[in-house]
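Here's the letter readout for the chains.
There are 4 protein chains.
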Amino acid sequence: MKMIKTATYEEMSEATVNILLSHMSQEKRVNLSITAGNSPKKIYEMLIPKVKNKTYYEHVHYYNFDEVPVEGQAVGLTMSALNEAYFEPAAIQPANIHPMTTENYQAFPQEIADAGGLDLMLIGIGADGHFCANMPGTTRFHEAAYRIDLTQKVAEPWYEEVKKDLNTDCFVTLGAKSLMRVRHLVLIANGQGKAEILKQALNGPITPQIPASILQLHPNFTVITDAEAGALLKDK
Amino acid sequence: MKMIKTATYEEMSEATVNILLSHMSQEKRVNLSITAGNSPKKIYEMLIPKVKNKTYYEHVHYYNFDEVPVEGQAVGLTMSALNEAYFEPAAIQPANIHPMTTENYQAFPQEIADAGGLDLMLIGIGADGHFCANMPGTTRFHEAAYRIDLTQKVAEPWYEEVKKDLNTDCFVTLGAKSLMRVRHLVLIANGQGKAEILKQALNGPITPQIPASILQLHPNFTVITDAEAGALLKDK
Amino acid sequence: MKMIKTATYEEMSEATVNILLSHMSQEKRVNLSITAGNSPKKIYEMLIPKVKNKTYYEHVHYYNFDEVPVEGQAVGLTMSALNEAYFEPAAIQPANIHPMTTENYQAFPQEIADAGGLDLMLIGIGADGHFCANMPGTTRFHEAAYRIDLTQKVAEPWYEEVKKDLNTDCFVTLGAKSLMRVRHLVLIANGQGKAEILKQALNGPITPQIPASILQLHPNFTVITDAEAGALLKDK
Amino acid sequence: MKMIKTATYEEMSEATVNILLSHMSQEKRVNLSITAGNSPKKIYEMLIPKVKNKTYYEHVHYYNFDEVPVEGQAVGLTMSALNEAYFEPAAIQPANIHPMTTENYQAFPQEIADAGGLDLMLIGIGADGHFCANMPGTTRFHEAAYRIDLTQKVAEPWYEEVKKDLNTDCFVTLGAKSLMRVRHLVLIANGQGKAEILKQALNGPITPQIPASILQLHPNFTVITDAEAGALLKDK
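Chains A, B, C and D, in that order, give the protein sequences. Read in full-length UniProt numbering, the first sequence has 108 at position 108, and its numbers run on one by one without any break. Read in full-length UniProt numbering, the second sequence has 231 at position 231, and its numbers run on one by one without any break. Read in full-length UniProt numbering, the third sequence has 186 at position 186, and its numbers run on one by one without any break. Read in full-length UniProt numbering, the fourth sequence has 103 at position 103, and its numbers run on one by one without any break.
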């Protein structure tokens, strides 16, 4: 694990943008999987002007790592958020965007492998220790991709939010098995609210109750935080 | 996971020898970690004449992945077994053998990394699901290398054997974190006695009660069995 | 460069078979490019029984590295030779065989890249220093793949043979640029007749007059010879 | 080859800084070889504040790729220039700086290999097509590292400059063989004065008269230019 504790959210974002742009600058087809949410907002703000209409980034392809279908909507929550935050403002070509859905999630890991594998995945971490949609209580470390149906109530705080607020009865996600195959795994976290869970997930034992704890096993794993989120973490 | 179910112990051994020799045939310094025990006996029998006094394999280095110190003996159980089964008959130069001991185990993973990392590790699996010395009840997935002291009795079948029969009060082992960094992980298993545990470890969920189950996460993992050991395994 | 000087043609072939089988034993899709001709005859003899009808090698794909179209024949010389020597007796599925032809050669390098790149290429060397169809007098090191039309006579010994004996007026080949992208490049040579050219190609300066001399630049290059072919080569 | 034609020197420098910082952000020991000269001045300006006293970059090591000893000076031209432009202002620890000299150049490639190889090399190109100190008339593509003694006059424009102005009678450099082993090779060029040579070196045939032309063979080669330097280059 490579710890990069920066001072500010701005610095955290800048360090992450560097890594994203560098992977994009390779000769080969580059496959990225990036996260939606609040943590990366500044990252995409910085990234968009550097990527938009740059023909030398035309060989960069994007894959989402989870999806939450919403009743009556064609596009799920994750892709909607990525479209708004990055794909549309950066004018990424549809042919370079490869959505995982509740239909194709089982074949998705092989599709990624056949395209040369993921060069980089950018993820966040939830205050409950989840990564992608690997949630406490439903995580399946050994699966490359799986679907969770919310038919049977799970005794976890996130259940209500996902089931009710997000108005869905299932979600799909890549599992730890797929993340272990990513060449460079980057986790970003900012703010005091992430300090305690980062310590538990990255400096503690591996347990499905803290799904992100499994990521300690990744052979090329970079963690980038601001001062607050990194406050309780060992330097190495 | 790459499943190679061969018909016989002979074929399993031959398929493994091919992989070992191939890694040895690279231009770079090659770092291997190989297992002692019964399963690989035929492998070393086949390997020795191909390796002995071959100057073109002088760049191959060896690391043990665990060690059990024995009271009143300078060399531990693992290294003793490897010396007898392979290092001595193959005339491997002492400078190419890098022992992990109860003294240096904490620094060993970094020593391996500084030497370019392990290209291949050959392991077996115990009927109780252990790999290297990652035992049910004492496994620590998140550690690169760790030591288990047998001061406090562990409620596991293996405890008596290790403590009494092996006449030791501790052992050291590389952990799952180190194995995830090996470029090619190869597990061999033969005989009916391994069929059920292989099924549980490789086709079931990941759990510390079956330490080898974590190996499903390895990105380049080859499992080679004879017909009996592979009988209950999925083909992929 | 990794030099493996074995004693006999038999040993050279066996060492090469080991490397081929090992690459085939990886988890990922495996892409190989193999040579026709006399040197590998024993290799394919040994390989066929180990590969034929083995479901665990179904993920292995094959690409030819050159082709010589023959008037009035649907299949060129290279693919015809490979079909006879290996693909047919080993019962390789047509879907796993990817022929380069005079039609598709320009797109072929990208097709290979999109499939994950070549894991291993097995080549021989001509007494005139040619590799694949990179011939003295017409070599283009900087091309990934190119076509040579035999309209203008080339002042090289090979010209008559190719033009007349092979009854063709052109050929296509992968160039040095493509070979530099192969993860593991293996060159085999046996017999006294190859000793002098091997010395010039591998221990001398790089020159288009000895096309194979460029291969010295490959970062993971293994040369396997019998005693006669390796007689004049440095050990490293 | 990956072409990144940016609009300005500022943009070229920023794109290069991204790549440098990204490689530095890996978990493993990172080995870099960077260039002195005018082109990278802005790069180091941008890089210094991001690297200075950052403990998370302590695992980054530096190697020079050539050296020109100067009579009566302990440190050669290249290391002096790198010290002034980057190592000193960035407060890089001496233990992380590994100088190649006229004494150790023969052992230097192996020293680099034993340290895990170079992750990235940043180079420029001369108006005469030289890279590192691989000069027209004295280039040796097949050498990993070599020394040129200026005892016998070479009929090349650079001879006078090196011999007289630089007040030296020899220089050492890594050769193309070493560069082919670098995981990511990055060439920067800015200004009209580089446009013509870039075209010849990167879009023309490979010839020792234009040493940099050999770099077309590198499997992961990124070229970053400003608008002027890239004006005559193909986009791919």
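Incorrect hints may have been included.
Which copy is meant is left open, because identical chains are indistinguishable; a pair holds if it fits in one copy or across any two.
[Said to hold, decoys possible] Think about it this way: if two alpha-carbon atoms lie no more than 20 angstroms apart in a straight line, the pair counts; the simulated DMTMM-like pairs of lysine to aspartate or glutamate are:
id: 1; residue 1: K28; residue 2: D114
id: 2; residue 1: K42; residue 2: E160
id: 3; residue 1: K234; residue 2: E103
id: 4; residue 1: K42; residue 2: E14
id: 5; residue 1: K28; residue 2: D119
id: 6; residue 1: K41; residue 2: E71
id: 7; residue 1: K234; residue 2: E84
id: 8; residue 1: K234; residue 2: E161
id: 9; residue 1: K199; residue 2: E71
id: 10; residue 1: K54; residue 2: D165
id: 11; residue 1: K2; residue 2: E228
id: 12; residue 1: K50; residue 2: E10
id: 13; residue 1: K164; residue 2: D128
id: 14; residue 1: K50; residue 2: E11
id: 15; residue 1: K153; residue 2: E27
id: 16; residue 1: K2; residue 2: D165
No lab work stands behind these hints, which were simulated from the structure alone.
Hint-by-hint comparison with the structure:
no., hint, in the structure
1, K28 to D114, "both (14 angstroms within a copy, 9 angstroms between copies)"
2, K42 to E160, "neither (29 angstroms within a copy, 53 angstroms between copies)"
3, K234 to E103, "neither (41 angstroms within a copy, 24 angstroms between copies)"
4, K42 to E14, "both (8 angstroms within a copy, 18 angstroms between copies)"
5, K28 to D119, "both (10 angstroms within a copy, 15 angstroms between copies)"
6, K41 to E71, "neither (26 angstroms within a copy, 56 angstroms between copies)"
7, K234 to E84, "neither (35 angstroms within a copy, 34 angstroms between copies)"
8, K234 to E161, "neither (32 angstroms within a copy, 37 angstroms between copies)"
9, K199 to E71, "neither (37 angstroms within a copy, 39 angstroms between copies)"
10, K54 to D165, "neither (38 angstroms within a copy, 42 angstroms between copies)"
11, K2 to E228, "within (17 angstroms within a copy, 38 angstroms between copies)"
12, K50 to E10, "both (17 angstroms within a copy, 13 angstroms between copies)"
13, K164 to D128, "within (18 angstroms within a copy, 43 angstroms between copies)"
14, K50 to E11, "both (17 angstroms within a copy, 10 angstroms between copies)"
15, K153 to E27, "neither (48 angstroms within a copy, 37 angstroms between copies)"
16, K2 to D165, "neither (36 angstroms within a copy, 42 angstroms between copies)"
Hint violations for this structure: numbers 2, 3, 6, 7, 8, 9, 10, 15 and 16, all remaining hints satisfied.
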